[in-house]
Structures are given as C-alpha cells and as structure tokens.
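Asks: Residue-level listing of the chains:
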Amino acid sequence: TQLLEQSPQFLSIQEGENLTVYCNSSSVFSSLQWYRQEPGEGPVLLVTVVTGGEVKKLKRLTFQFGDARKDSSLHITAAQPGDTGLYLCAGSLGGGADGLTFGKGTHLIIQP
Amino acid sequence: DTEVTQTPKHLVMGMTNKKSLKCEQHMGHRAMYWYKQKAKKPPELMFVYSYEKLSINESVPSRFSPECPNSSLLNLHLHALQPEDSALYLCASSHPRSGSTDTQYFGPGTRLTVL
Numbered sequence: 001t002q003l004l005e006q007s008p009q010f011l012s013i014q015e016g017e018n019l020t021v022y023c024n025s026s027s028v029f030s031s032l033q034w035y036r037q038e039p040g041e042g043p044v045l046l047v048t049v050v051t052g053g054e055v056k057k058l059k060r061l062t063f064q065f066g067d068a069r070k071d072s073s074l075h076i077t078a079a080q081p082g083d084t085g086l087y088l089c090a091g092s093l094g095g096g097a098d099g100l101t102f103g104k105g106t107h108l109i110i111q112p
Numbered sequence: 113d114t115e116v117t118q119t120p121k122h123l124v125m126g127m128t129n130k131k132s133l134k135c136e137q138h139m140g141h142r143a144m145y146w147y148k149q150k151a152k153k154p155p156e157l158m159f160v161y162s163y164e165k166l167s168i169n170e171s172v173p174s175r176f177s178p179e180c181p182n183s184s185l186l187n188l189h190l191h192a193l194q195p196e197d198s199a200l201y202l203c204a205s206s207h208p209r210s211g212s213t214d215t216q217y218f219g220p221g222t223r224l225t226v227l
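In order, the protein sequence lines correspond to chains A and B.
Taking our numbering, the leading residue of the first sequence gets 1, the next gets one more, and so forth.
Taking our numbering, the leading residue of the second sequence gets 113, the next gets one more, and so forth.
With the rest of the complex left out, here is chain A:
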C-alpha cells in the first residue's frame, strides 16, 4: 500500500496551459516537501509546507497543504518547457530525523 498517493504519474501538456499535481494520504504529516528532479541528478527542494491550510507561491508555482495535513497540491500556471521534469512530493511522518515518505512522482512534459 502506497502511503502517499501522487497523481497523475504522467502528464504531457502544451506550453501555456495550467496543471495541478496532487498528493494524498490517510496519514498526518509533520511537514511535506515538494522536489523537482532532472534525470541523473538529485532532487532539488522547491518548498516545505508545515502548517495545515498553508499556501506558498514560487513564481508560477503554488503549493497548498491541506487543513488536516494529509494532502497537498502543486499548481503550475502557464507552464513552460523549462518546467519539464519529475516532481516528487515527500512527507515527514514523525518529524525529526525520520526518512521521507515519497509519492511515486509525476513525470511532467511541457511541449513548446
């Protein structure tokens, strides 16, 4: 059973379109991170959300943490080819020095 369900797993859209990626769980997370990863490279942190209901913006990217801290979403406005990559959500269950629980990832392709 996947603890953190991420959807969609694959998404290919045209430049300029909007998209949303979802991460859902039945577990409560102390924090949740979103990463972007290029092939053969390590995940690069985009944002950490901690408080239920929190919304953070990073240019055209908007991140939301659910009120109950069980789910999160990433919304990209006016997607660009440079947004292409693997997006990973990862949650910390116990906090502290705990391994992250990862979603399966969303492979995003933005076509020019």
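Simulated from the structure, these hints should not be mistaken for laboratory data.
Please note that the accuracy of each hint is not assured.
[As the list claims (entries may be wrong)] Pair ranges (Cβ atoms, derived): (1) E115/B / G94/A: 33 to 41 Å; (2) H191/B / K59/A: 43 to 51 Å; (3) P8/A / T119/B: 44 to 52 Å; (4) Q80/A / S174/B: 42 to 50 Å; (5) G94/A / S177/B: 19 to 27 Å.
[To be verified] Non-contacting residues of chain A with respect to chain B, defined by C-beta distances greater than 10 Å in every case (computed): (6) E15; (7) K59; (8) D67; (9) P81; (10) K104; (11) H107.
For each residue, glycine too, the CB sits at the ideal point set by N, CA and C.
Dock chain B against the given chain A, drawing on the hints supplied.
Replies: What follows is chain B alone, placed relative to chain A:
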C-alpha cells in the same frame, strides 16, 4: 548555503570490488541519510544517522555498510555488490527536529553501475 556534495559522480565496479561513496555537508545539520533510487522510481530510504549514530537501517543487505566519521561526513562502503544494486545513490541532510527544520536537502547523487 544548502549544498550537499557527493563523490564520485559516477562509479563502475565489479562484483568483487570494494568501493566507497562519500557525502559532505557544512550546513550544521545533525541528521544524514542514504537513499537508493532506481530508474523512474522515487528514492527509497536505506540508512539514517542522527548525531553521528545510526538510528534507522531499513533492512539493507550487509554488503552496504554506512559510516558517519563526524557531523559533516557520511560514507557508504560497498563490497560484493550485485548487478541489481546498480542505481542512483542519494545523500541528504537535515536538522533532526520536526517542522520546517526537518526539510531534507539532497546531494547530486552517485550513479553506480555494477558489472
């Protein structure tokens, strides 16, 4: 500075070789992690060190041996690996406290190929 460095970038080894992967951070983090990532899959946790002590071992085979010489360094010693161990090995670090401070920062990874 949120940089975690890993060496080497690429490693090719035979099944009888002994090699080591190295990771370093200078952010004052006291928790360090090893993850293994296969192609098109998310990272899987292998080991966690907290204050230089091994706190989590996710049932990793003994051919992988972690070591934390000090608070800035983390090694992964490899011996008698199998071809299925070929993967991207990622190091990460964080403050060992909950909330926004438990954010993990990843290194660029070591691409390991076992022949």
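Asks: A separate judgement is required for each hint: does it hold in the structure or not?
Replies: Checked hints:
1. Take E115/B and G94/A: their Cβ atoms lie about 26 Å apart, and the range 33 to 41 Å is violated.
2. The hint said 43 to 51 Å for the Cβ distance between H191/B and K59/A, and at roughly 46 Å that hint holds.
3. For the hinted restraint 44 to 52 Å between P8/A and T119/B, the CB-CB distance of approximately 36 Å leaves it violated.
4. For Q80/A and S174/B, the hinted distance range of 42 to 50 Å is satisfied, since their beta carbons lie about 47 Å from each other.
5. Between G94/A and S177/B the CB atoms are about 26 Å apart, so this pair conforms to the stated range of 19 to 27 Å.
6. For E15/A, the non-interface assignment is confirmed: its Cβ lies about 24 Å from the closest Cβ of chain B, beyond the 10 Å cut-off.
7. Listed as outside the interface, K59/A is consistent with that label: its C-beta sits roughly 18 Å from the nearest C-beta of chain B, beyond the 10 Å cut-off.
8. Non-interface call for D67/A relative to chain B: holds, since the shortest CB-CB distance, roughly 17 Å, exceeds 10 Å.
9. Separation of P81/A from chain B is adequate, the least Cβ-Cβ distance of about 21 Å exceeding the 10 Å criterion.
10. Its closest Cβ contact with chain B, about 6 Å, brings K104/A to no more than 10 Å, contrary to its assignment away from the interface.
11. The non-interface label for H107/A is inconsistent with chain B: the shortest C-beta to C-beta separation is roughly 8 Å, within 10 Å.
When each numbered hint is compared with the structure, violations occur for hints 1, 3, 10, 11.
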